[in-house]
Each structure stands twice: as C-alpha cells, then as structure tokens.
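S.K.: Numbered according to my numbering, the sequence shown spans residues 20 to 339.
The set of hints was computed from the structure by calculation and includes no laboratory data. Predicted model only: the values in this text are computed from it and were never measured. Here a beta-carbon is modelled for each residue, glycine too, at the ideal position from N, C-alpha and C. Some clues are possibly wrong.
Unchecked claim - Quick list of the computed label-pair ranges, beta carbon to beta carbon: (1) S323 to I129: 48 to 56 Å; (2) T131 to A55: 42 to 50 Å; (3) T131 to E65: 18 to 26 Å; (4) G299 to A58: 31 to 39 Å; (5) D165 to R47: 48 to 56 Å.
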Amino acid sequence: MMLRRNAGEKIIVRVCATEKETAKLLQRVLDNNEAASKALARAVHEDVQLSDPALDAVHINIPHDNIAMWVDPIDSTYQYIKGSSDITPNNGIFIKGLQCVTVLIGAYLIDTGLPIMGVINQPFATRDPKTLRWKGEHYWGLSYMDTNICSLQISSKVNNLDNPSSGPPPCIENRNNLYSAVTSSAEAKNILGTLSSLCEENLYFAAGAGYKCLCVVQGLVDFYVFSEDTTFKWDCCAPHAILRSLGGGILDLSKCLKNARHKSEFSEKPHLLYNMEVEGSTGADRWSNKGGLIAYRSEKHLESFMDLFIKNLALQNEQH
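With the sequences and hints as input, model every part of the structure.
M.R.: Okay, structure coming up:
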C-alpha cells in the first residue's frame, strides 16, 4: 500500500522480513511515534497458534495442487466505513451496521469448482455496553468427500444440544408453518412480492452478502434469496462450504427456476461453482454469480419451498 505524506513523500507500506524493519517503516508513516509503530509491528508479526481438537482429529488427504481460494478481507465495506454500532436487530438479524461486516475465506477444488472449506469471521458480533469493546465470532466448515464437520456442530455438542445438521434449523420451528428468508432491499419487485407472500413477517433485509449467508448458517432464516448478478465468488465460497458441511448449500437461482419449469429432477442441484469465469464478461463481473442464488441449510425444505416459490413467482409476473 502506498501512502503520501503531507511533505509529498511517498511511502510504500508493507510487511517486512522482520518485526524491527516493519516498525522502522511504520515510524515514517506515524510521525516517528515509536510506541505505536512497535505495537503495530508486533501485532503484524505475531505467530498466532490456533488449535481445535475437532479439526486435529480429522485426517483427510486433499491434493494441494487441486485447491484454490477466494478471500474477501472486508465484506460489507460500506457498513465498515460508516461504523454504525447502535442498530437494533430484528429477531437476531441486523439490517445494517458493523455486525454485517464479515471476513470470508473459502477454498474450492480446482477440477470441480465445489467449495470444500470455509471460514467466516464476524469481527463485530457483539459489543459490551459497559466497556464498549467489540467481541468477534468465527464459524468454519469442512465438506470433502464423506467428511462433513462444522464449528456449529462442535459447539452444540459441547452444550449438549442436538446436532444442528441432524434436523431442521431452529428457525423452522414455531413460526406457523411459514418459511423465513433474508434478501436485499435492492431485490426485484416480483421476487420481493413472491418472498413476501411465502414468508410474510418472516422476510428480513440485511446488508452484505456474506452476512446474509451467515444468517442462514446460524439458522436465523431458512433461505437467502437474491436474483441479481451483483454478488461474487469471494462472497459465497466460504459460507457455501460451511452450508455444505451442514447438509445445505448455495444454488444458482436461475438454473433452479429453469429446471423446475422443465420438470427436471431436483436431485441434480445446480450448486454455485468457483472455478469458471462468466463468458463474455470483463473485470470483476467475470466472477459474478450470474443468475442469482439461493442459500439454504435444510435440504428437506428446499424442494417444497422452490415449488411454492415458482408458483407464486408466476402469479407475480402475471400481475405485472
């Protein structure tokens, strides 16, 4: 990263080979503030050791030359810049604010394009009302061949709860047989009308594709539906892997609708793939999720929801 000081000096900020060298470089940026420079350099060079007994017990062999990654260092950038911290959630879902900011790290197989590992970090998950300090949360999942393991499963076992992947998500219970979904306020009118008729008061809006996927991962909603082409591979790879580890996934919405109209078997689910560019597109659009998406955690309810979704969408299109 290049910075320009008031005096016109250009400084390229980078992580140097040693902590001492990085601190010396940062001093030039921070007006010779030695204490701050050393503290930042120490944090950058810290060798963080993370261990998870659940993962340590997993032994699988994935060829390294068949793995690639999609990373979004700050999803929902606008919410991060705005920095709102006083947003009240609706049934646990934040429409905007720092809680919608996520860091997304996903890995996929180069040959198939299917996601296999994902980590979602929510750095501003909760805020202590007294100290005003933020506490983060992280979620991970691994789905490769016959191995499916997720941090939510481990957490549930520790707390003597049922395995979340063994039954319907908690959001499905006690809601008068209505589905629940999260989407964007920028969604097309016919899609919003369809979702409103299926979900009624259980339709929610939220910022950030990563955060909306996280709402599905957490079981706050059944589905995340979005028909536009404005999400990207780096938005979905990490949560997709986690959802697969729970028995769910993220599908191409347009292909789901096409298959349903042609009465195709729903057993062949058009999962989003992460190894192919969008033909005819340029720039970042080459990696957009063209055709939209539907994220789900419970396969049991996906087919019935899509059947109702298609029927209601047809009615919406007739009315417009």
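S.K.: A range of 18 to 26 Å was offered for this pair. Does it hold for the Cβ distance of T131 and E65?
M.R.: 36 Å, violated
S.K.: For G299 and A58, compare the CB-CB distance with the range 31 to 39 Å and indicate the outcome.
M.R.: Between G299 and A58, where Cβ atoms are some 49 Å apart, the hint is violated.
S.K.: 48 to 56 Å was suggested as the range; check whether the CB atoms of D165 and R47 agree with it.
M.R.: Holds: the Cβ-Cβ distance is about 53 Å, inside 48 to 56 Å.
S.K.: Go ahead and decide if the range 42 to 50 Å is satisfied by the Cβ distance of T131 to A55.
M.R.: This hint holds: roughly 47 Å between Cβ atoms.
S.K.: The hint says 48 to 56 Å between S323 and I129; measuring C-beta to C-beta, is that right?
M.R.: 35 Å, violated
Checked against the numbered hints above, the structure breaks hints 1, 3, 4 and satisfies the rest.
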